[in-house]
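> The primary structure of each chain is shown beneath.
2 protein chains.
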Amino acid sequence: MRNSLPLVAPVRGFSEEEFQLRTHRAQVQMAEQNLVGLLLMTEPEVRYFTGFQTLFWQSPTRPWFVFVPALGKPVAVIPAIGAQLMHQTWIDDIRTWSAPTPSNDGISLLVDLLLPLSTSRARLGILKGHETSLRMPLGDWEKLVESLPGLQMVDATNLVQGLRMIKSPAEIEKLSYICSVGSEAFAQAPEFIAVGMPLEEVFREFRRTAIALGADDAPYVVGGADQGGYSDVISPPSRRPLKVGDVLMMDTGCTWDGYYCDFDRNWAIQRADDQAKRAYDVLWRATQAGIDAARPGNTSRDLYLAMSTVLSEMDGSGGDIGRLGHGLGMQLTEQPSHAAFDETVLKENMVLTIEPSLSYGNGLMMVHEENIVVGPITSRLLSTRAATELPIIG
Amino acid sequence: MRNSLPLVAPVRGFSEEEFQLRTHRAQVQMAEQNLVGLLLMTEPEVRYFTGFQTLFWQSPTRPWFVFVPALGKPVAVIPAIGAQLMHQTWIDDIRTWSAPTPSNDGISLLVDLLLPLSTSRARLGILKGHETSLRMPLGDWEKLVESLPGLQMVDATNLVQGLRMIKSPAEIEKLSYICSVGSEAFAQAPEFIAVGMPLEEVFREFRRTAIALGADDAPYVVGGADQGGYSDVISPPSRRPLKVGDVLMMDTGCTWDGYYCDFDRNWAIQRADDQAKRAYDVLWRATQAGIDAARPGNTSRDLYLAMSTVLSEMDGSGGDIGRLGHGLGMQLTEQPSHAAFDETVLKENMVLTIEPSLSYGNGLMMVHEENIVVGPITSRLLSTRAATELPIIG
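First to last, the sequence lines map onto chains H and C. Count along the first sequence starting at 1, add 1, and that's the number in the working numbering. Count along the second sequence starting at 1, add 1, and that's the number in the working numbering.
Just so you know, these hints were derived from the structure itself, not from any lab. Note that the structure is predicted; figures quoted are calculated from it, not measured. Glycine included, each C-beta is placed from N, C-alpha and C at the ideal position. It is possible that some hints are incorrect.
[Unchecked claim] Covered by chain C, per the in silico footprint, the following chain H stretches (three or more residues, Cβ under 8 Å):
| no. | region |
| --- | --- |
| 1 | 136 to 144 |
| 2 | 214 to 225 |
| 3 | 329 to 337 |
[Said to hold, decoys possible] Here are the simulated lysine-lysine pairs, DSS-like style, with alpha carbons at most 30 Å apart:
| no. | chain 1 | residue 1 | chain 2 | residue 2 |
| --- | --- | --- | --- | --- |
| 4 | C | LYS74 | C | LYS129 |
| 5 | C | LYS74 | C | LYS278 |
| 6 | C | LYS144 | H | LYS144 |
| 7 | H | LYS129 | H | LYS144 |
| 8 | H | LYS129 | C | LYS144 |
| 9 | H | LYS244 | H | LYS278 |
| 10 | H | LYS129 | C | LYS129 |
| 11 | C | LYS244 | C | LYS129 |
| 12 | H | LYS144 | C | LYS129 |
| 13 | H | LYS74 | H | LYS144 |
| 14 | H | LYS74 | H | LYS348 |
| 15 | H | LYS129 | H | LYS278 |
Let's have the full structure, built from the sequences with the hints guiding it.
Written out as structure tokens, the structure is:
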């Protein structure tokens, strides 16, 4: 590993004031929308309002619930195995059961909590919209709805995602740190990438490097390598050895304290053909157009159009990826989407990926990606900008 | 790292025959239950029937669907970004859309596929039961149900989980390999664990070791360390340095080719008190009782009772973990649960964790865990059995 200065990690966690502020902002909107509360059950939402952070969500066995009332602190309704950890957060009202209990996994606790609110068609906010899922058994959800006939379940996706899209200074500090770790890992990658190395080994060494540099983990490492480009960006790595003339792309989501970076790098192995160089150049400039367009007042659609204009020099389809970037934070991909359909107005402290892709040649594609934070007037890079020309390594 | 023989990884992926057999077995049961098909949308289920494997599921943005018909091959209804990868599987009928499209994320494609089946209250199997979730927006699910009034949505959780519980020889080979990698990583851990090392660094070095030894990743690394025991097993690691007299536990889910190991190890730092030694001994023998009881014909409840009998020498509560082990495979935790409520009959080729825990002293706990495969008569360890006495290291 290179002899570079170690990256200095910020403090883990958040102040209690941060959770108070998040809750207050939710409650202001809940009042406007006449909601008696929010019932949340997905990892980022539970963490956003409580600070409860654990890898244990990887186990699908137990549901976890947080209720954000119209007034007062959130209430946790969780498996007893999480009580000790939840007691370390700012939450006071923690209701637990011995989970798993398939016949009643938190349902009667939720009914006890919500039934008193269940009068005159009171409105309870839940997440039903784009990029959400129901992290509890559908059968249990149906039972819960049936037990609360006086509650109207209304969609609060925009409310919650709208809050989460704007990052706090402490969140931006975490995101900035993990982007620095990712940038340094990519900077060191040419030192271990060599012709003949199977892609699987490249990915393995990248993970080890990122973790050594300070990432808690590198859960998302994908990419491809083939002659003059690659044809897929979501496959697991193969044992195929890198060859002279390959274009190699690695895309990573590294994490620190529960926040992701998400960007990629492209390299040519020993030599690059003109087509690959040209694709790289078009993508570099498309990325720049996206970064330049990322100003408060512009929309995600504006970013998409700014990038598309440059991409159309070589290819108008934008590949099959469906969008040219997205939000970034506690999840690898968050709202908004840089796509024609998304008219989300950009605001200061949104953290975004700028991710143009293009198709060229015989079924090849290339993707660039950078991470930025929107400032008061322009945006600022969180990742170290990729080289202006396709780097030749190996 | 020690100079040990490298572990030899099996071949990645599965033969087409394996997917044919999985589909055939599902279809036999679908016929018995009078189902016109199964609609699946969660990662392990999509992978089980198609072989589609990608880390891209970490992005919550796009839903993915597989329909397993009563006869014939599964049909994939997926975002276009996955088409190239899905074409490498045994699936022929691949229907794609440019996702994300929040207004219609696969819904009209599903309606086109399912509406012809939608006659005379035909029964469509979906997952509504324990350990399942709805990995699509609830609002989209409601739209889909409304568009298919002739289809009765019935719970097929037992059908699908029942198939997945019994592992094939190729699955057992993958599980055996990743358990060997995990065992070797734990064997090497005492070489880098030292008094004064923050727990965060212990976890980081463990991850790097497991990946170097051949794990694709070590997504689940949790544990605790404190004087004479620990009080929590799901927290992220702290910066607290290891102290003389600590009991350190690390629990890991490492992955290889999409399959998990899940077991832990306990160590005392430089010295151990009698209480910690006794807890270790009781847990070692409880684990052995669980392993010995893991025979075809016994139930998960029998395993629970066999372990509880030993645990009651020191503590009858079994902590707040809710069960004493579970199934293992494509997920860190799968069916069944070793708990009083679970009367699942054990069968040959089930892969299980044996995971007794106990509470002792002033709020301390300890957990042991091993991984086994049930054989024709007895069970066989996949993890290298923990030392009989609490190892003193550091």
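> Take the hints in turn and mark each one as holding or not.
Checked hints:
For the region 136 to 144 of chain H, the stated coverage by chain C is satisfied: 7 residues place a CB nearer than 8 Å to a CB of that chain, which reaches the threshold of 3. Beta-carbon proximity to chain C at under 8 Å applies to 7 residues in the region 214 to 225 of chain H; the threshold of 3 is reached and the given coverage holds. For the region 329 to 337 of chain H, the stated coverage by chain C is satisfied: 3 residues place a CB nearer than 8 Å to a CB of that chain, which reaches the threshold of 3. Using a Cα cut-off of 30 Å, the hinted pair LYS74(C) and LYS129(C) holds, with the two alpha carbons roughly 23 Å apart.
Note on LYS74(C) and LYS278(C): the hinted pairing is violated, with a Cα-Cα distance of about 55 Å set against a maximum of 30 Å. Restraint check for LYS144(C) and LYS144(H): the C-alpha separation of about 19 Å stays at or below 30 Å, so the hint holds. Distance restraint check for LYS129(H) and LYS144(H): the Cα-Cα separation of roughly 17 Å lies within the 30 Å cut-off, and the hinted pair is therefore satisfied. A hinted pair counts as satisfied when its Cα atoms are at most 30 Å apart, and LYS129(H) with LYS144(C) qualifies at roughly 11 Å.
The straight-line distance between the Cα atoms of LYS244(H) and LYS278(H) is roughly 17 Å, inside the 30 Å bound, and the hint therefore holds. Of the supplied pair hints, the one linking LYS129(H) and LYS129(C) holds, its CA atoms being roughly 17 Å apart against a limit of 30 Å. Between LYS244(C) and LYS129(C), the direct Cα distance comes to roughly 47 Å. Violation of the 30 Å bound is thereby established for this hinted pair. A distance of roughly 11 Å separates the Cα atoms of LYS144(H) and LYS129(C); the hinted pair therefore holds under the 30 Å criterion.
This hinted pair checks out: LYS74(H) and LYS144(H) have alpha carbons roughly 26 Å apart, not beyond 30 Å. Restraint check for LYS74(H) and LYS348(H): satisfied, since their Cα atoms lie roughly 27 Å apart, inside the 30 Å limit. A hinted pair counts as satisfied when its Cα atoms are at most 30 Å apart, and LYS129(H) with LYS278(H) does not qualify at roughly 44 Å.
Hints 5, 11 and 15 from the earlier list are contradicted by this structure; the remaining hints agree with it.
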